[in-house]
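A.B. asks: Under the numbering used here, the first residue of the first sequence carries the number 1, and numbering increases by one thereafter.
All the pointers check out, no bait thrown in.
Dumping the calculated EDC-like pairs for lysine to aspartate or glutamate here, alpha-carbon to alpha-carbon at most 20 Å:
#	residue 1	residue 2
1	Lys-87	Asp-219
2	Lys-149	Asp-139
3	Lys-149	Asp-127
4	Lys-149	Glu-132
5	Lys-128	Asp-139
6	Lys-128	Asp-118
Derived from the structure by calculation, the hints contain no laboratory data.
Predicted model only: the values in this text are computed from it and were never measured.
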Amino acid sequence: MPELPEVEITRRGIAGIAGARIIGVRQGLPLRWPLGVEPQALTGRTVRSVGRRGKYLLLHLDEGLLLLHLGMSGSLRLLGNAPPPGKHEHFELHTSAGTLRLHDARRFGAVVYAPALDAPPATQLLDKLGPEPLDDVFDARSFHHALQKHRAPIKQVLLAGRAVVGVGNIYACEALFAAGIHPATPAARISAARAARLHAAIRQVLQSAIQQGGSTLRDFVSAQGEAGHFQLHAAVYGRAGQPCPRCARAIAVLRQGQRSTYYCPGCQH
DNA sequence: CTATGGACCTGAATGC
DNA sequence: TGCATTCAGGTCCATA
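Please build the complete structure, drawing on both the sequences and the hints.
C.D. replies: This is the structure in structure tokens:
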């Protein structure tokens, strides 16, 4: 579920865990990767701060850090008084500020310990990630330069996370619509002017989604349990056959790398 | 190096 | 009601 806006909403929702002491860890069924440390070794450590890099949440501890990824179906809750865990709740951090609980039916998500940001496995997970779309270092010129390196369709280049991170299937479709770019266009054939429009569209779409609390297609909820509602304002995603909000032509679907791409044949070239 | 298809896993929706 | 098929927010890995 989670793309950058959902992960950022989650980060803000659990930021209050900073300063809390870890009391214990409970693991359910295996997630994508093993934790990489004995759970009891975390007991007694303190959470210093909660950061984000791309779609990873970073729980910085007084010693080491936890990297959390929500995969396709994950969500995190911060619970003051936690009821017994359900069948899909596969990781829990009990702390003095409440229980941080991961719900992830498909288990594509992960919780991984690293001794430091510049040590494995953090380096393996984070080092190849592209620039943060909402940072100032992500500028139109360098984005256009990055696109020149890829002959693949722009939609798939956005999802690959090298030219920019955090853009998943929903927001790639929405940003390409906002920029008027056909999703099958080879990335390297996008002009500087159109790359600048796409750069602005990515930032605008992500920021708007954060303001809407993210998108809830099936089961995303914030750390406080609230659904997002960006999906109600999506122009193209999930709207095959419905009229384009700009030109009223029917929204079309395309299959790219086993993912559905929604776009308007009238507005995107 | 880039590009592509398969893999991981469960549940909901659809069609017969 | 049951059963098979398709699809869903991601991304790593093997193969060309």
